[in-house]
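K.L.:
Chains A and B, in that order, are what the protein sequence lines are. Anchor point for the first sequence: position 533 equals 533 in the working numbering, and the numbering is continuous, going up by one each time. Anchor point for the second sequence: position 90 equals 1090 in the working numbering, and the numbering is continuous, going up by one each time.
No lab work stands behind these hints: they were computed from the structure. Predicted model, so just to flag it, every value in this text is computed and none were measured. Please note that a few of the clues may not be correct.
[As the list claims (entries may be wrong)] Listed next, with one range per pair, are the computed distances between beta-carbon atoms:
id : chain 1 : residue 1 : chain 2 : residue 2 : range
1  : A       : GLU683    : B       : GLU1150   : 53 to 59 Å
2  : A       : ALA208    : B       : PHE1064   : 52 to 58 Å
3  : A       : LEU597    : B       : GLU1170   : 31 to 37 Å
Beta carbons: idealized from backbone N, C-alpha and C, even for Gly.
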Amino acid sequence: MAEIATPLHRALGLTDEELDAIHDRLGRDPNDLELAMFAVMWSEHCSYKSSRRYLETLPTSGDDVVAGPGENAGVVAIGEGLAVAFKLESHNHPSAVEPYQGAATGVGGILRDIFTMGARPIAILDALKFGDPSQARSRGLVKGVVRGVGGYGNCVGVPTIGGELVFDPSYGDNPLVNVMAVGLLEERHLTRAAAPGPGNHVVLFGSATGRDGIGGASVLASATFDETSAAKRPSVQVGDPFAEKLLIEASLELIARGLVEGLQDLGAAGITCAVSETADRAGTGIRVDLDAVPRREAGMAPFEVMISESQERMCAIVAPRWLDAVLEVCARWGLPAAVIGEVTDHGRIEVVGAGEVLASIPAAALTSDAIAFDRPARPPTKTRAAPAPGAPSEPGEGLPERGMDPGAVLLALLGDANLGSRGWVTTQYDETVGTDTVEAGERAAAVLRIKGSPKGLVAATDAQAAVAAHDPWLGAAMAVSECARNVAITGARPLGVTNCLNFGDPTDPEAFWRFTESVRGLGDACRALGLPVTGGNVSFYNASPSGEILPTAQIGVVGLLEDVEQRVAPAFRRAGDVVVLVGETSPGLAGSAYAALAGTAPDDGPPALDLSREAALLHWLAAAAREGLLASAQDVSGGGLAVALAESSIWSGLGARLQVGVGSTPSVDLFGESPGRVIVSTEPALWERLAGSAAAHGLPIRRIGLVDGERLIIELVGEGATGAAEERGAGVADALDVAVRDLAHAWRSALPRALGEEA
Amino acid sequence: MKVGVVVFPGSNCDRDTLHAARLAGTEAEPLWHETPDVRGVDLVVLPGGFAYGDYLRAGVLARFSPIMAAVRDHAQSGGFVLGICNGFQVLAEAGLVPGALRRNSTLRFEHRWVRLSVERGDSPYTRGLPPGRTLRMPIAHGEGNYYLPEGELDALESRGGVLFRYAPPEGNPNGSARDIAGVCDTGGRVCGLMPHPERASEALLGSDDGMLLLRSLVEGVAIAGRAVAAA
């Protein structure tokens, strides 16, 4: 019986509808090479075909924004002729298939997006999410990914100074590897990825082109996982950080000397993407001479050369008079370089091989005019009504309040893989190369100095996926708020937001609804906080037969300290300082670490978010820091107030004697994760001024005690105290009372124990 | 007094080292690896990084680099050479200091803040350091586990070849024999150490103990230079 072969377009991942759309744009049928080029460029990862319409609703403008979405990285001016470039990107699917190389090439790719703009990369932050850490598969992925991030970042000489490590069963078969990079440049060196000037040369430099990663990011990131996933291993790219280091130096030299008209790094969809994007941005075309592309393998077919995702390659647009100088720079840095094409004025990407035109496609058809969809979005049907976003909810009967021992709960939370020390990870990352790192590692936000300037840069990354599972709008908005807050507690002014939106299958209306709600939450929060979205990334298809990931809007924020010496740390500074809670605790435990540990009532919801309170907090923190009113500042998030206080104690070795009024229930007041709260400390003599300053910003502020001793003591006062004392029959007041040394031990041993490792 | 910092392909601490050397009050310039000439500097520094990607073994390719012949000549004619981290690995591969740097005993890359005790106060590298003072600075390496056979370790110690050891409370981060963190050759002018003094050269970065070491070194080299000139 004759076999019916799968049509080529379907084998390449294109639908019939997409084939028709291609036909419309070309005015004819595409040939096989053209079809391959369309297939990778119209993949979800490259074209954002499902997400574009929604991303266009995000706020992107700001006075200091120099480059925004659509460029390789967002760039914000910071004064003194300097600017900071930053972006967050995903490499989830390759990391699931090959964790070391997937993570390594994820780092390589995001670094290229930074230095292609003319910025020297100065920091990496990695947000990593895995499944249950007791499972062998998750352990293997964690170890491989961390070694991969470190292996690449350490070798290339960029410090990895922050990030997240989160465990949730939903990530078991779909780990997330989102990497953020930050770079510094002089504004005058800002280089765009455009190909102006017909007659200019297209120079490919860096590693030779091979077959690795054929259809890699484009293929892997555009489908969910199933039994055939292992067969996609050849699609995982292989990284060479040594080559990348040379690429950084050569690229920055080319830019500093003004030798290039445009520069683009090669990532997903390789040469095809680089030439079509640069041509489209400039309104020009590019003719590619296939035979001139330096290769590392023999017998490569034209489509292989055009879509190969071999790493560590850059594409420069070079005016003829600078060609020799460009080639000399590349040769000196030991990088193969070749003229592989020419900029034309006909707006098409033309691929020529052995004297024949093998493909001819309008550049726009591959990029800005790629197909875009209006996917259907439908909220999931629930057996009970979800609480309205932002509405407080009453705690139910099921909370284990009676007999709860808050000290034991705190130790259990600190001992949880999600809240314990990240030291096992961070000691594998070089945090100090570059001699610009001021604060790194365990801090919520990392601080860098700028040589020759008093200023400092601050960077953080956060997500609120557990909350997003209950309410995707709220999860995204809370993530933006938390990330900006984490930057602001150092005293810095947040400058802008980057994001990586990780979701399931966009053709599933419920999964797509979660995406659209998250974009809405991201936009609403950024507008309320006055922060522009400067760029980002979308990763769909994070799903497998075992299920879909938590809706994960990963946020990255960069902030500016006008004087790095005025930075504020989260650790208590001295005994005798007054400890202060700014903001108010509100109910709602759904999505919290405590809920994961102890359970919640079935009708309890996540906490409320007050965006205007968040905005006020950001402004107040910067002002209070500038006036020297803050001895320490710590944000309340995972594990709630008790964990925030415990961290300030652990990191300083100083205990505290505190009183917390029970507003709703002890578990909410101690462990609830309602946003809009920070713990600060100050000298007693400055308390009045601090209180006045908070009031002037409309912020509730309350003294809760003093830094003192070697124990963390939190007395619960008011109605609703646990009753644990009565249960135990002891006559002591209800309190959390744990030695700082014991808190530290629980915190330090949590992650190694969860991973089955020595501390 | 001039410092030259060698730049191999893949060196990534060269700029850090130049910055710290200038802060220590001396002129400093980069020395590109392809040029077999140390340009008359007094102190040659081989900085940290991953020279040639650390492919095959850390430092093994770099030792064949064109500039190493000039570095060897400089050492043999009484010049000063300091190898930091990857630089130490290169010096060991080139046989300019004794020993080998093996994979960390933890079998992972380690980035940690450590403390160094100063074992000799009379070396040009350490003469200016306050006696009994430990120096706090970071390590960042996967292959810093110092090794020599037992007999040779005894010989090294008895001739005063050990300059620095890892000290409590942080202790030995990589399993190095006898907690050795830095050594010098028989002439006392070629030194290798695994920790990064240039990363602890300013209080803002967490410690400026590294600046004590760099300043002591700068002075020690200048004094030794004048002694040679006067002789």
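K.L.:
Next step is simple, just say for each hint if it's right about the structure.
P.N.:
Here is how each hint holds up against the structure:
Taking 53 to 59 Å as the suggested C-beta distance range, the pair GLU683(A) and GLU1150(B) conforms, at roughly 56 Å. Checking the proposed 52 to 58 Å range against ALA208(A) and PHE1064(B) shows it is violated: the Cβ atoms sit about 23 Å from each other. Between LEU597(A) and GLU1170(B) the C-beta distance comes to about 33 Å, which sits within the given range of 31 to 37 Å.
In summary, the one numbered hint that this structure violates is 2.
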